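Engineer: Chains as they are written, first to last, in our numbering: chain A, 11 to 107; chain B, 4 to 486.
What the hints contain is simulated information worked out from the structure, not anything from laboratory work.
Be a bit skeptical, because a hint or two may be false.
As the list claims (entries may be wrong) - If we take Cβ atoms under 7 Å as the criterion, some of the chain B residues that face chain A in the derived model are:
no. : residue
1   : His-34
2   : Asn-38
3   : Pro-276
4   : Ser-288
It should be emphasised that the depicted structure is a prediction, and the values quoted were computed from it without experimental measurement.
For glycine and all other residues, C-beta sits at the position ideal for the given N, C-alpha and C.
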Amino acid sequence: MSLTRAEVVRVADLARLRLSDGEIDAMQSQLSRILEHVSALQAVDVTGVEPTAQVTDLVNALRTDANWPSLERTAAIRNSADTDLGMFRVKAVFEEH
Amino acid sequence: MKYIATIGLEVHAQIRTSSKMFCGCRTDAAHAAPNTNVCPTCLGLPGALPVPNRSAIEQIVKTGIALHSTIAADSTMSRKNYFYPDLPSSYQRSQFEDPLCIGGHVDIVVNGIDRRINLTRIHIEEDTGKLNHMPDGTSLVDYNRAGVPLMEIVSEPEIESAEEARLYFQSLHQLLSWIGVNSGNLEEGALRCDANVSVRPEGQKEFGSKVEIKNVNSFRNVERAINFEIERQTQVLTDGGKITQSTRGWNDATGKTVEQRSKEFAHDYRYFPDPDIPPFHMERSLVDQIATTLPELPTVRRNRFIEQYAVSIADAELLTTNTTVAAFYETTVAAVVKNNGTARDASVWILGEFFRLLNDQGESLTEAATRMTPAHIAELIGLLNNGTITRASAKEVFEICYREGTAPESIVAARGMAVIGDSDALLKMARDAVAANPKAVADFKAGKEAAVKFLVGQIMRQSRGQASPQAAESAVVAALAEV
Ligand SMILES: [Zn+2]
């Protein structure tokens with residue numbers, strides 16, 4: 011199981027990671043090794059085992075529709091790099107053509 | 004070459020809850036100051052644990068039953084991963100592999116022909132925050148809406164025209180309000196629509212590349228945006244061009260769709276089961292119990308009105324616009340029938356005078372009904388049917404009752420609006436009219452019968468519509484015989 015360089019670039023892009031050429035090379039081999047490790051599990055015989063995405067065995071962990079206090083706004087936006095009018099400021103991300 | 008369009012709609016409806024999908028923050032985003040309905044969970048802060056809202060899930064099940072879906076015994080939440088500033092945790096909690104409701108359908112009538120639009124699924128989703136684009140190009144983000152519970156209703160790609168799409172959207176809007184799971188407030192974005200539109204040459208089997216039009220939020224714009232897109236794609240293909248799969252936004256001001264290019268719409272959402280949220284299991288008994296909370300559905304009630312009260316299809320449609328109107332109508336019918344009137348009397352007055360006044364005043368039925376009650380309408384119809392007042396007076400009494408909420412009998416008594424059937428009083432009015440209109444008398448003598456109608460009209464005017472028209476005509480004939 012070996013990743014192509016293009017796949018690494020694609021995954022980095024989706025994860026919003028900016029990688030240098032050297033880092034891409036390093037990631038290509040490291041990620042490939044991780045995938046190899048995981049693919050070793052595919053040798054295990056899982057006949058008759060129900061697939062699951064959970065390990066807790068919990069089901070219907072629900073709450074009643076009731077309100078609880080929200081954060082003070084000053085606390086909510088405190089860690090933002092830039093705020094205005096009680097809101098988080100972000101750079102333009104949306105281009106229209 | 005002729006081209007045919009294929010349309011699928013994804014409708015996002017806000018579920019009526021007081022708290023968000025996974026936390027206790029309030030859901031009244033439209034009425035709260037920015038970032039005041041937020042907490043660590045809906046801000047996506049590390050370590051917060053989302054816990055699903057039972058009521059939201061049950062309301063989706065209720066909707067699924069109303070739309071003839073199969074309710075899945077087991078369903079799960081997934082994460083839809085993408086980066087966009089309106090999404091604080093960089094993934095949206097949604098359902099992917101195992102939605103809560105599968106299949107279903109919406110029946111609509113297009114140009115008098117019944118059409119069934121099948122549903123793919125209805126699933127749980129959380130809303131995103133709101134971006135306010137600033138003149139300097141930056142955006143200010145308000146997360147009040149983030150985490151508000153939504154249901155996404157996905158149709159099969161089998162809608163064939165923009166009009167059909169609008170009717171489908173309108174029908175969903177009516178139903179969701181009717182069963183009480185959505186406020187129906189389009190201005191506040193309680194119901195939003197994305198449309199997938201593709202065009203292909205007639206006779207071609209495989210669909211053309213689909214273009215997604217985002218966030219069209221009014222009935223009129225759904226139709227406009229889709230029509231624009233069908234024409235645009237047809238033109239591109241006619242000119243020998245190619246349609247590529249893309250996302251476009253509707254611009255209301257220009258009446259056009261505009262391509263939205265953004266790295267963030269990567270269309271590679273890498274869905275995976277949300278490890279924070281254990282799966283849901285719906286007991287059959289709970290589904291059955293939720294089914295019992297459904298009211299009589301709009302089409303069923305409409306058909307019953309046609310059968311039971313002999314109203315026309317068009318009138319029945321109007322009387323089942325929403326549950327408030329339907330309930331008001333039925334209460335009125337009961338009161339009118341008790342008062343020797345008919346169901347038809349009730350629909351005539353409600354759809355005629357009452358709706359006209361509501362429209363003029365820009366008032367809701369609920370507001371007006373605090374003054375104009377079904378009992379008042381029944382009383383008024385009674386006074387008209389037993390000859391106490393004329394039809395002209397009845398309209399006036401109706402309007403006074405609408406404005407003041409006074410009982411029709413009191414209005415008639417206080418204002419002396421009962422029919423003038425007294426022949427002496429009418430004869431006097433007729434003689435006055437004859438004396439005041441020598442030209443009409445001359446016309447009459449010259450054989451013009453219309454002169455009688457004119458003189459009756461004078462009496463009706465003088466009596467402010469209270470004279471009985473037949474008695475007034477007899478009086479005019481008698482007065483003319485005297486000259
Ligand atoms: Zn919250």
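Engineer: Run every hint past the structure and note whether it holds.
Structural biologist: Outcome of the hint check:
Interface hint at B/His-34: violated, since its Cβ lies 14 Å from the closest Cβ of chain A, which is beyond the 7 Å cut-off. Evaluation of the B/Asn-38 hint against chain A yields a held restraint, the C-beta minimum of about 5 Å falling below 7 Å. A least Cβ separation of about 3 Å between B/Pro-276 and chain A falls short of the 7 Å threshold, and the interface hint therefore holds. Of the supplied interface hints, the one on B/Ser-288 is violated, with its beta-carbon coming no nearer than about 14 Å to a beta-carbon of chain A, more than 7 Å.
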